[in-house]
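Undergrad: Add chain B to chain A, keeping to what the hints say.
If you read the sequences in order, they're chains A and B.
Position 146 of the first sequence, counting from 1, maps to 148 under this note's numbering, and the rest follow consecutively.
Position 316 of the second sequence, counting from 1, maps to 318 under this note's numbering, and the rest follow consecutively.
Warning: the hint list may mix true and false statements.
Residues on chain A that point at chain B, a partial pick, calculated with CB under 7 Å [what the hints assert, rightly or not]:
id, residue
1, Leu76
2, Lys79
3, Thr158
4, Gly250
5, Phe281
6, Val309
If you are wondering where the hints come from, they were derived from the structure by calculation, not from laboratory data.
Only a predicted model underlies this, so the values are computations on that prediction, with no experimental measurement involved.
Every residue, glycine too, gets a C-beta built ideally from N, C-alpha and C.
2 protein chains.
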Amino acid sequence: MSQLKVYDANTLDDFSVNILTKAGMGYEEARIISDTLIFAETRNIKSHGIVRLPVYTKRIENGIVNRNAKMKFLNSKAAAVAVLDADNGMGQLAGYKAMQMAISIARVYGVGLTAVKNSNHFGVASYYSMMASNEDMIGLVMTNASPAIAPFGTKTPLLGTNPLTVSVPANERKPVVLDMSMSTVARGKIRLAAQQKKEIPVDWGLDVDGNPTTDPNEALLGSLVPIGGVKGSGLSLIIDLLTGVLTGTSMPGEVKNITDMSGPSKTSHMFIAINIESFICLDEYKSKVDLTIDKIKTLPSKGENEVFMAGEIEQNLMEKRKLEGIPVEIEVIQELDRLAEKYGTKKLQHITK
Amino acid sequence: MSQLKVYDANTLDDFSVNILTKAGMGYEEARIISDTLIFAETRNIKSHGIVRLPVYTKRIENGIVNRNAKMKFLNSKAAAVAVLDADNGMGQLAGYKAMQMAISIARVYGVGLTAVKNSNHFGVASYYSMMASNEDMIGLVMTNASPAIAPFGTKTPLLGTNPLTVSVPANERKPVVLDMSMSTVARGKIRLAAQQKKEIPVDWGLDVDGNPTTDPNEALLGSLVPIGGVKGSGLSLIIDLLTGVLTGTSMPGEVKNITDMSGPSKTSHMFIAINIESFICLDEYKSKVDLTIDKIKTLPSKGENEVFMAGEIEQNLMEKRKLEGIPVEIEVIQELDRLAEKYGTKKLQHITK
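One chain only, chain A, in its complex shape:
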C-alpha cells in the first residue's frame, strides 16, 4: 500500500483548476473539468480522479485535445434529440453540455437524447447520469472507449469496455447509481497485479488466443473478459453502434486510448434523460424508490454484511470526504508537485490534524 496524505476537497479543486487554466483552459471550463475529478476522488473512483491531471494537461498542451474547441449543437432534425460536435475538446465539457441539453429537452418532451461526436475521455460517467437524477430525472449515459474486449468468438480486442451508467433519484434515500463497464474488471487491476507479480483470477483476462489466463502479463497482451461472455461483448458492440457509429465519429476499434498522443481520440458518447413526471407523479415515484431501497437493504444478507445499493458506498464516502478531506497516494502528489513546479503554482498542502 502506498502512503496516503489527506487533502481538503476545495484545496484539491482549486489546485486542479489552477493547473488546467495554466495549461490553457478557460476558467469556467477548468472548473467543470476539475469538478468531475473531485467528484471521482470523493467517491473513491481513483482511476478517474486527480491522477488524470498530468495526462489531461499533456493532451491539452500537445494539442491532441483542442483547448479552444468550439463545441456546437448541429442543426437538429428532430425536437427530442440533439447532436453535439465536441470539436475534439475535453470530454468533460462535452458531457456537461450534452446532459444539460438532454435534461432541457426532457423537461418539454418527456425524454431527451444527446449524441456527442468528436469528443475525448470524459472521466467518471456517473457524474453525468447524476446531473439528471439531481434534476429528478432518470439519467443514462454510455461512451465508447479504446479496444479492450474481443467480439464473441474472436480473440482480437476490438470493442471498448464501453461504460454504461444509470442514475435514478430517490426521495429520502440516496439515488441509485449504477456505473459499470462491460468487462469483469478494469485493465488497471490487471496492470497492478502484473506490477506486484501476482496471479489474477481466471475470469479477469484472456490471452492472445482468447483463452482464460491467470498470468496478468498474458492478459495485458490479450483482452478483458466481458461480463456474461456473449452478453457483455454484445452490449459493448451495441454501445459502439449507439455512439461512434451513430455520430459518424469512428468505427469500432478506432477509439484511441487516453495515453495515445498520435491524434484525436475520436471518442463518442450518448446521454439520455427521462422525465419521471411525464409518466407518474414524481413524489409517488421517488417514495417507491425509497421503499425499494429499504426492502433490499433489509433482505437477509450474505455473510451478515450490510447490504449496499449501487452507488451507496460512493455516496457515503462523498459526504464524508467533502467534510474530512480526501486521501491521496504520495506518488500521485509527487506528480502533482511536478505540475506545480512546471506551471509555477503553489504546491498542495495536506491537512494536518
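TA: Chain B alone, transformed into the frame defined by chain A:
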C-alpha cells in the same frame, strides 16, 4: 433428445390462431400473438414458442389475462413519450401497440419511448426491438419478470431476469439483434439438468444461502447467478425501476410467474425507438453497420469456428425454417393435440418428405 417432427410455419401459425380465437381472443389479436410464437419457433427460441400455447390459453380462459382488455394510451404529458395501460391483456398485444407508438413518435421527434403498465408476459423480446429495426430505427426493449435474481449482497431472489433487447438495422447484412437476460442462464436450463439428474456449472445457480452450487435442485430453491455479479443484479434493478416502478404497476418482487394463476401478473415493459435519420444519413449508418459486421466476422476466430454476430444464427434459421419447416418435439405436439381435441379443431399435420 426428444423425437422431432417438422411442421410448416404457416400451418403452425394457422393452428395457433385457431386455438387462440377458440379460447376467446379476437382474430386480429390472435394473429399478432401467434406471429410472436412462430417468430420464436423459426429462430429456435423454443422457450417462447408454440410450447407456450397451453399456458396462454389457460390464462385467457381463467380470466387471469383479460381477453377483452381495453388497452389505451393515457393522456400524454409530453410529446415524445407515451404510457399504455394494457388493462391486464396479453403482453404481445401491448408490446405490438407500444412499439408501433414508439416508432411513430420517433419518426417525428427523433426518439420515442412507450412505457406499458398492467401487462403480462410478452413472449420473445426481440420481436419488438426488430419492429423498430425493420423500420430503419434502433429498437430497445426491456421488461420486468418474476423474481429470480438476488440483489447484490443478499440471498433472496427479488429481481427478475429482466430481459433487454436491442436491434440495429444493417444494409446488405442482417440486423444486429442482442436479446439477453441478466442471469448467466435461463432457469429452464437448470430445470432440465434437474430432470436429467446432471450437475450444473458453478456459475449458473446459487443455493438458498447465496453460495454457488452444482446441484440443480439446490439452485432451483435458491436464485440465478447474475452476469458480472453486482453488474447484472444492478442492471436488473434498473430495469425494474424503469418498468414496474415507473408505471406504478408493481414493486420489485411483485411480478407473478406465467404459471401463477392467482391473479394478474403485473408485468411492465419499456419500448424505445431511436430514429437514425435524426442523427446521421441513414444509408451511411447502415453501410457502416455492414462494415462493422464484416470486420468482426473476419477477425481471427477462436478455434477456427465461424464468427457469428448477435442474432445472426437466429436470422439464418428463421429464413431456413420459413422455407423448410419447423422441428417440434413430439411432447409439445401431444399437448397441442390435446388443445385441438378440447376446442374441436383439426390436429396438426407434420410435413412428410
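Undergrad: State for each hint whether it applies.
TA: Hint check results:
For the restraint placing Leu76 (chain A) at the interface with chain B, the shortest Cβ-Cβ distance is roughly 9 Å, beyond the 7 Å limit, so the hint is violated. Restraint check, Lys79 (chain A) versus chain B: the minimum CB separation of about 5 Å is within 7 Å; hint holds. Restraint check, Thr158 (chain A) versus chain B: the minimum CB separation of about 5 Å is within 7 Å; hint holds. This hint holds: Gly250 (chain A) has a C-beta 5 Å from the nearest C-beta of chain B, less than the 7 Å allowed.
A hinted interface residue such as Phe281 (chain A) counts as satisfied when its beta carbon comes closer than 7 Å to some beta carbon of chain B; here the least separation is about 5 Å, so the hint holds. The closest approach between the C-beta of Val309 (chain A) and any C-beta of chain B is roughly 4 Å, which is under the 7 Å cut-off, so the hint is satisfied.
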